[in-house]
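Undergrad: Taken in order, these protein sequences are the chains called S and H.
Under the working numbering, the first residue of the first sequence is numbered 1, with each subsequent residue one higher.
Under the working numbering, the first residue of the second sequence is numbered 1, with each subsequent residue one higher.
Keep in mind that a hint or two might mislead.
[As the list claims (entries may be wrong)] Here chain S is said to cover these stretches of chain H; the calculated rule only asks that three of the stretch's residues, wherever they fall, bring their Cβ under 8 Å from a Cβ of chain S:
hint : segment
1    : 53-63
2    : 143-152
[Said to hold, decoys possible] Distance condition first, Cα-Cα at most 30 Å in a straight line; then the derived BS3-like pairs of lysine-lysine:
hint : chain 1 : residue 1 : chain 2 : residue 2
3    : H       : 44        : S       : 30
4    : S       : 30        : H       : 30
5    : S       : 54        : S       : 44
6    : S       : 54        : H       : 136
7    : H       : 30        : H       : 54
[To be verified] Computed Cβ-Cβ distance ranges for the label pairs, DEER-style:
hint : chain 1 : residue 1 : chain 2 : residue 2 : range
8    : H       : 123       : S       : 150       : 18 to 28 Å
9    : S       : 7         : H       : 27        : 46 to 56 Å
10   : H       : 32        : S       : 83        : 31 to 41 Å
11   : S       : 34        : H       : 8         : 20 to 30 Å
12   : S       : 124       : H       : 79        : 32 to 42 Å
13   : H       : 96        : S       : 94        : 30 to 40 Å
Derived by calculation from the structure, the hints in this document are not laboratory data.
In this text, a Cβ means the ideal position worked out from N, Cα and C, and glycines have one as well.
The lines below spell out each chain.
There are 2 protein chains.
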Amino acid sequence: MPDASRRNEQSRRAILDAALGLLAGTGYAKLTIEAIAARAGVGKQTIYRWWPGKGAVILDALAENATAVTLPDTGDIEADLREVVRATVAEFADPRQSATTRALTAETLADDALGDQVRDRLLRPQLVAVRDRLDKAQRAGQIRDGADLDHAVELIFGPIFHRWLLRTGPLTRRYADGLVDHVLAALR
Amino acid sequence: MPDASRRNEQSRRAILDAALGLLAGTGYAKLTIEAIAARAGVGKQTIYRWWPGKGAVILDALAENATAVTLPDTGDIEADLREVVRATVAEFADPRQSATTRALTAETLADDALGDQVRDRLLRPQLVAVRDRLDKAQRAGQIRDGADLDHAVELIFGPIFHRWLLRTGPLTRRYADGLVDHVLAALR
Chain S
1 MPDASRRNEQ SRRAILDAAL GLLAGTGYAK LTIEAIAARA GVGKQTIYRW
51 WPGKGAVILD ALAENATAVT LPDTGDIEAD LREVVRATVA EFADPRQSAT
101 TRALTAETLA DDALGDQVRD RLLRPQLVAV RDRLDKAQRA GQIRDGADLD
151 HAVELIFGPI FHRWLLRTGP LTRRYADGLV DHVLAALR
Chain H
1 MPDASRRNEQ SRRAILDAAL GLLAGTGYAK LTIEAIAARA GVGKQTIYRW
51 WPGKGAVILD ALAENATAVT LPDTGDIEAD LREVVRATVA EFADPRQSAT
101 TRALTAETLA DDALGDQVRD RLLRPQLVAV RDRLDKAQRA GQIRDGADLD
151 HAVELIFGPI FHRWLLRTGP LTRRYADGLV DHVLAALR
């Protein structure tokens with residue numbers, strides 16, 4: 001890698017790391033391009049050369065972070081689903097992560113293009129990973145042949161999202177386990 | 001009812017009717033208090049005497065409209081759920097209703113108090129009505145004793161809401177029927 005490319009890549013990573021750090025520290029609402037630039041040790045113009053604005057930087061930072069997530073595969077679909085659902089519920093229950101996701105969700109409701117990006121880059125990889133794990137379980141006979149796996153994925157994430165966004169009930173481990181029990185009853 | 005009360009009630013209904021009419025005509029984003037007042041034949045100050053702003057008027061208008069909805073009860077939980085889910089999916093698929101719900105949802109993400117009102121006055125009555133219908137079906141032996149009805153309600157509405165908000169798939173009658181099949185598999 002030539003020096004200029006390496007420096008660019010270092011700046012890009014520094015910017016995304018700074019964005020994630022500020023997101024965790026001050027939260028989405030108060031985060032500015034100026035603060036990201038200062039923390040990353042680059043000029044504002046460097047950020048604006050690569051991204052149109054704050055939402056796009058945060059989206060890239062979250063998307064690169066998200067690809068590191070891998071799904072558990074012990075061979076036991078019940079154990080694996082329980083782990084995934086508990087972790088997902090815990091993420092939505094975390095005040096900081098919840099605030100970021102609420103802010104991003106509000107922006108996607110006002111901006112269809114950003115909504116498509118968030119869906120395709122942040123959400124879809126997780127949904128596809130769970131669908132693939134369910135597909136493997138179906139081929140192993142742990143899920144009935146008639147079960148539709150697109151419905152299955154939405155039976156898992158839809159209720160969590162609904163409960164989180166509308167604040168209709170607690171997001172606890174007990175809730176997560178109850179949800180898994182009901183989803184498995186639909187799929188077995 | 002004394003004349004003043006009757007006139008107040010007539011004005012209140014005229015304002016809510018005007019709000020619903022404008023919502024259907026110009027949509028939530030372009031709707032103004034001025035336009036509601038003009039259409040209802042009242043002064044702006046009458047509206048501001050009773051409501052703090054546009055969101056509150058729309059919420060009242062939608063909430064009064066929503067209470068007129070009654071749940072089907074043929075005695076057959078499968079037939080009744082199918083009707084409810086088809087109707088709900090059709091509402092979310094309707095561009096005008098979807099735009100209103102997206103605008104209101106975006107506002108609730110930025111305003112917790114409005115979010116609580118929307119949940120308790122628009123959403124909760126529907127969820128409770130479905131839960132009551134499921135409870136009756138459970139007592140009639142059409143739903144297994146171990147099924148948790150709060151989970152059941154969220155298994156129905158969560159996936160629809162998730163698919164609608166994140167635009168992950170089509171909102172068709174075929175989708176509605178598939179969802180009902182999977183939910184019933186979890187509950188029987």
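Undergrad: So, against the hints stated earlier in the document, which numbers end up violated here?
TA: 1, 3, 6, 10, 11
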